[in-house]
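Novice: Chain residues, written in single-letter form:
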Amino acid sequence: MSGVLNMISFYLTTMKTAVVVQFQYRVSNYLYMLGMVAEPIIYLVVWTTVARAQGGAVGGITAGGFAAYYIVWTLVRNINIVFTPYGWEARIQRGQLSGQLLRPLHPIHYDLAYFAGWKFVVVFLWLPIAAVLALIFHPTLSATPTDVVAFALALACAYLIRSIFLWILGMITFWTTRVSAIFELYMALELLLSGRLLPLTLLPPWAQTISNFLPFQWTFNFPIEALIGGYSTQHLLLGLAAQLGWVVGGFAVLQLVWRAGVGRFTSVGN
Amino acid sequence: MRIFWLYFRVGVMNELQYRVNFFIQLLQALIALGVGLAGLALVFQHTTSLDGWSETELLAVVGVYTIMGGLINMAIQPNMQRLMNEVQDGTLDYALTKPADSQLIISVREVRIWQVVDIITGAVVLGVAVAQLGATIGVWEALAFAAALLMGGLLIYSFWIIATTGAFWVVRMDNILELFQGIYQSGRWPVTIYPEWLQVGLTFLIPVAFAVTVPAEALTGRLTWQTLALAGALTVALLGFARWFWRRGLRRYSGASA
Numbered sequence: 001m002s003g004v005l006n007m008i009s010f011y012l013t014t015m016k017t018a019v020v021v022q023f024q025y026r027v028s029n030y031l032y033m034l035g036m037v038a039e040p041i042i043y044l045v046v047w048t049t050v051a052r053a054q055g056g057a058v059g060g061i062t063a064g065g066f067a068a069y070y071i072v073w074t075l076v077r078n079i080n081i082v083f084t085p086y087g088w089e090a091r092i093q094r095g096q097l098s099g100q101l102l103r104p105l106h107p108i109h110y111d112l113a114y115f116a117g118w119k120f121v122v123v124f125l126w127l128p129i130a131a132v133l134a135l136i137f138h139p140t141l142s143a144t145p146t147d148v149v150a151f152a153l154a155l156a157c158a159y160l161i162r163s164i165f166l167w168i169l170g171m172i173t174f175w176t177t178r179v180s181a182i183f184e185l186y187m188a189l190e191l192l193l194s195g196r197l198l199p200l201t202l203l204p205p206w207a208q209t210i211s212n213f214l215p216f217q218w219t220f221n222f223p224i225e226a227l228i229g230g231y232s233t234q235h236l237l238l239g240l241a242a243q244l245g246w247v248v249g250g251f252a253v254l255q256l257v258w259r260a261g262v263g264r265f266t267s268v269g270n
Numbered sequence: 001m002r003i004f005w006l007y008f009r010v011g012v013m014n015e016l017q018y019r020v021n022f023f024i025q026l027l028q029a030l031i032a033l034g035v036g037l038a039g040l041a042l043v044f045q046h047t048t049s050l051d052g053w054s055e056t057e058l059l060a061v062v063g064v065y066t067i068m069g070g071l072i073n074m075a076i077q078p079n080m081q082r083l084m085n086e087v088q089d090g091t092l093d094y095a096l097t098k099p100a101d102s103q104l105i106i107s108v109r110e111v112r113i114w115q116v117v118d119i120i121t122g123a124v125v126l127g128v129a130v131a132q133l134g135a136t137i138g139v140w141e142a143l144a145f146a147a148a149l150l151m152g153g154l155l156i157y158s159f160w161i162i163a164t165t166g167a168f169w170v171v172r173m174d175n176i177l178e179l180f181q182g183i184y185q186s187g188r189w190p191v192t193i194y195p196e197w198l199q200v201g202l203t204f205l206i207p208v209a210f211a212v213t214v215p216a217e218a219l220t221g222r223l224t225w226q227t228l229a230l231a232g233a234l235t236v237a238l239l240g241f242a243r244w245f246w247r248r249g250l251r252r253y254s255g256a257s258a
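From first to last, the protein sequence lines are chains A and B.
Mapping to the working numbering: the first sequence position 108 is 108, numbers consecutive.
Mapping to the working numbering: the second sequence position 6 is 6, numbers consecutive.
Simulated from the structure, these hints should not be mistaken for lab results.
All C-beta atoms in this analysis are idealised placements derived from N, C-alpha and C, irrespective of residue type, glycine included.
Any given hint could be a false lead.
[Said to hold, decoys possible] Derived CB-CB ranges, DEER-like: (1) B:Tyr18 to A:Val21: 33 to 43 Å; (2) B:Trp169 to A:Arg259: 46 to 56 Å; (3) B:Ala38 to A:Ala143: 25 to 35 Å.
Excised from the complex, chain B in its bound form (with noise of 0.2 Å):
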């Protein structure tokens, strides 16, 4: 938790040197979030509800998408990038070297703050939407809320670990980014509305049913204690196998100067 700390004040006093950043960043998620509107607003004109949801009830799974996904931005995927880089270049070693917990400290290394801007928008949208619901959140709904969220988090954390791991073999993973962009987009629907294979997909492969869908429904009064309980299962046993693969995948690891 120190070392957390630490990179943490490290990344965040980097970031706030370039304080210009931070209007274009809140530029650009004014767009993103633009754009997401209006395709919400295109849908809509055309239909009352999509797949049983309501335009109110999509505008929160919108807010959910843009939380993780700056979440993701923030604390993920830098890390994760440099890590494959470093794979390739060979210049792993000065984080192996250190005295700590080697997958502890490749996933802290990188913070984006800025893309915090991300997560403040996503959650005014989140809070428009519920507001808008009028639905009585108690505290159970918010708890299994918050619950579903730090799990999704999770499970988006360790499907990285374990496509980054993947580098350790084949060394060129760089488009594996493209791709997890590519399908994190999904996540601006219901998963339920997808095909059922690709249903499959998006929640076991690439979990991005459980990242959004799930504590969209949680707020929204679908959620039922099956999903979360299986939210919960398979949060725990890909943290064991992302923890596994990287040992394994580390072993495989031969640096610059090994």
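This is chain A alone, in the form it adopts within the complex (with noise of 0.2 Å):
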């Protein structure tokens, strides 16, 4: 029982820890959230004059619908800005991880709590850019209590899925140093069936097939379409359930990477 409790003080103290230092850096985090709009906006408009041509919607999908689903895809992608395999590289070329070892913790777990607490940062720097995207484009979107309840636990459970992932992805490192490519290829697939350039449904059957055995419309597709797509509470139950297939899965095939992977792991000079 005290081992939980002692989890829960570390999540809060790392939590806070992160809330308070990135809040010192809230141009910067600016700056960057802003650099970050200009790829939804581009995905916006493309698919609003597509919409235009084709007599004001494209699959079912009218403007109004595309601008609900890319302002909510900002929320949902800032969410899902988790430990970059990017990280992982820079932690291990330079024997950070050592130290993290020594801890009596998985280090997944301050990954996780450090961008937790980052996300009330975000979320509330985030409010504003909301509010003038919504003035500019008009979203159409009628969401339920219901929709609202399971759209966050859905980013929760997206948060958590692509933490695993990524981490899983990064530890390629214990292998070999020339990752760079091999994240590439995988952030390419994700941009494609993830529902992170265009909803899902707009995909052509066979790649919406493949979407299905992957890990990526859960943290993109899923929770967007929760809240904006009006799905039954059934679908809900049913997507939320199958997030938390993926975090458990995940978190399996996390642990048996992590130990062969540690392993492997030597470090200089310390």
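Combine both chains into one complex, guided by the hints.
Specialist: Right, dumping it as structure tokens:
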């Protein structure tokens, strides 16, 4: 029991630290977030242009529907920022991992807690951006209270799924140091098959089938559609269950790779 | 010009030591191209033309976008990043004390030669697109394209000089890089699809329109003389302003040894 309490207190402390640290860099954080907004605006404009040319809607999605999708996208994207594989590369190259190995706690807990704390700053800074985007692009959004609750849960799961899978990807650095091309291939697949580039219903059927076997859609498409897609309660519950499945399965794989990787890890100079 | 060649040769020799990077660059270029083409295909699964541009014409846009991106990453951005760091650390003195024009020196010190892969990839895509279009590219179109591409490059360069010179006042400008890269992505599509206020920004604030869309217009029979003349006038004006602004910035600089 005290183990659980210790863990909770560890998470709270790390999250508090993250909030304080990141709030100091609020201008830097803001510029970064503004740069990130360019991406969804580009997609939004392209699909709105297509929708207009097709008489108002593509695959049943109107201009207002696309606006809603890509504005919610900006929040989901921000929640989905986790410890990156590139961070792993640096961590191993600089030998920082050695210090973390000495702690009595699995190092993933620190990453999970720190980035989760950062989210409070991010969401706070995101609100005005969302308001401006909504004023410019007129989204059509009709979410029920159930949708909002499901959305919040889906966001938390998306955060865990993306953290876990990028952690696994980053651990490739245990085996080889030339990893950037592998990371970029992964990011490219994620971009196309997650709902980040476009709502998954617009993908050709064969690509949708492929994406059903991958974790990507549970980090972008599902959380967004949970809020704006008008899903039934049953559909929402099934989706959340699928997300949980990916969290549990992903964590099991992470543990396996972690054990194998740490066995290989040697650090110089400490 | 001699200084340019000297730095260019040193930069190339330096990078040639790391040959594996060529393959990594090639792999990354192919991944980026694959994503670009997939995006294009996905859009054209649902429509036959985007704001009057056909799929093949937009392929030409992707080609120009890739070429220009390669140029920026090869020659412009590395120099500007180095300049920003040196202003922050106060080590710019070493460049300023050299007996040559300071703006020239800081603009040619770095060259990432493997980015040439991007330029070649872009050229191949552009070639395929032009061949598919079947349009006859006469001498004039080719010249207009070359001129537009050159002016686009100079405009982006001027933008970067102006933005980086801002570092003399605010010291920390690293995030401008993220901002630029995000906004440059808009060049994948013709700027005419964006809402007007964005078009103005993409034309005059960050000249993505002149860097990518205008050269592509030259090859797809869309370019008017007025546009080309405007590009020319803007290039001259921005180059002049960049020069003036750089000199003003320098006067504010106080280095580590000063």
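Novice: Confirm or reject each hint.
Specialist: Now the hints, each set against the structure:
Between tyrosine 18 of chain B and valine 21 of chain A the Cβ separation comes to about 35 Å, which falls inside the hinted range of 33 to 43 Å. Separated by about 52 Å at the C-beta atoms, tryptophan 169 of chain B and arginine 259 of chain A satisfy the suggested range of 46 to 56 Å. Taking the beta carbon of each, alanine 38 of chain B and alanine 143 of chain A are about 31 Å apart, inside 25 to 35 Å as hinted.
Figure legend: structure checked against the earlier numbered hints; every hint is met.
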